[in-house]
Amino acid sequence: MDHIAHNLATLPLAFAALLPVINPVGTALIILGMVGEAPAPVFKRLALRVTIMMMVFIVVTEVLGQTILRFFGISLPVVQVGGGLTLAAMGWKMLSSGGKEAAPTPGASDEEAVLERAFYPYTFPLTVGPGTIVVVLTLSAQATRPGWQATLLAHAGILLAAALLAALVYVCYRYAPKLGRMLPRSAFNGVQQLISFILLCIGAQIAWGGVSALLASLPAHP
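Under numbering that gives the first Met the number 0, think of the first position of the sequence shown as 0, with each following residue one higher.
Among the hints, a few may not be true.
Said to hold, decoys possible - Have a look at the derived ranges for each label pair, beta carbon to beta carbon:
no., residue 1, residue 2, range
1, 47, 146, 36 to 46 Å
2, 212, 111, 37 to 47 Å
3, 73, 40, 30 to 40 Å
4, 115, 58, 33 to 43 Å
5, 15, 178, 14 to 24 Å
6, 212, 39, 15 to 25 Å
7, 38, 84, 27 to 37 Å
8, 196, 151, 23 to 33 Å
9, 181, 40, 19 to 29 Å
10, 40, 65, 35 to 45 Å
No lab work stands behind these hints, which were simulated from the structure alone.
Note that CB positions come from ideal geometry on N, CA and C, so glycine has one too.
Taking the hints into account, I'd like the entire structure generated from these sequences.
Structure below.
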C-alpha cells in the first residue's frame, strides 16, 4: 500500500503544476467573452467537448509526446516559441477587439459554429497549449521508476491529475455565464481586458523561454 501511495505521489505534483497553466476560471472568462451570450445548453455541450479533447490531448502528449516531436524533428523550445506566439497573437486580437472575439450567438447555425471551434481555439491553445505540453512532457520524463509497475503507477498519477483538472474545467466552462453574471457589466469588461493582456504576456513569456533555450543551445564562439 505504501508502495502504491509513494508512486502515486505524482498526482498532487502534476495537479499543482498543471493548475496554474490550465487556469480553468480565467480561461472560462476568456471563452465566455469569445462565445458571447449563447444559451446554457451550448455552454454545456461546449464544456463536454473541450473536456474530452483536453483529456485526449494530455494522454497523447504524456504517452507519445516525445516520440511525435522526435518524428517531426521538433524540439521543446520550438514548441514554446510557436505556441507562445499563437497565444500572444490571440491576446492581442482580443485586446484590439475590446475583449470580444465573437458577437452574441442566438441562432442555431451560430451555435453550431461555436461548437465547431471546440478544438481550436477553445481546447488548443486556450485550455491546453504549449505550457501544458512542456509541463506534461517534463512530468512524464520524471515518472520513470525502478520496475514497470512503479513507472506505470507514476504515469497513472499524472493522468489522474489531468482527469481531476478536466472535471474542474467542465464545471467552470459549463457555468461560465453564471460566473460572468456575478460581475457588473463594466467590471466584466475590465476583467476581460485584463485577462486578454495577461494572455498576451503569457504568450510572450512562453515564446521568450523558447528563444532563450534556443540561444543557450548555440555553440559558444571561441
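To see whether the hints hold, each was checked on the structure:
| no. | hint | in the structure |
| --- | --- | --- |
| 1 | 47 / 146: 36 to 46 Å | holds (37 Å) |
| 2 | 212 / 111: 37 to 47 Å | holds (41 Å) |
| 3 | 73 / 40: 30 to 40 Å | holds (39 Å) |
| 4 | 115 / 58: 33 to 43 Å | violated (23 Å) |
| 5 | 15 / 178: 14 to 24 Å | holds (23 Å) |
| 6 | 212 / 39: 15 to 25 Å | violated (43 Å) |
| 7 | 38 / 84: 27 to 37 Å | holds (34 Å) |
| 8 | 196 / 151: 23 to 33 Å | violated (42 Å) |
| 9 | 181 / 40: 19 to 29 Å | holds (21 Å) |
| 10 | 40 / 65: 35 to 45 Å | holds (39 Å) |
Checked against the numbered hints listed earlier, the structure breaks hints 4, 6 and 8; every other hint is satisfied.
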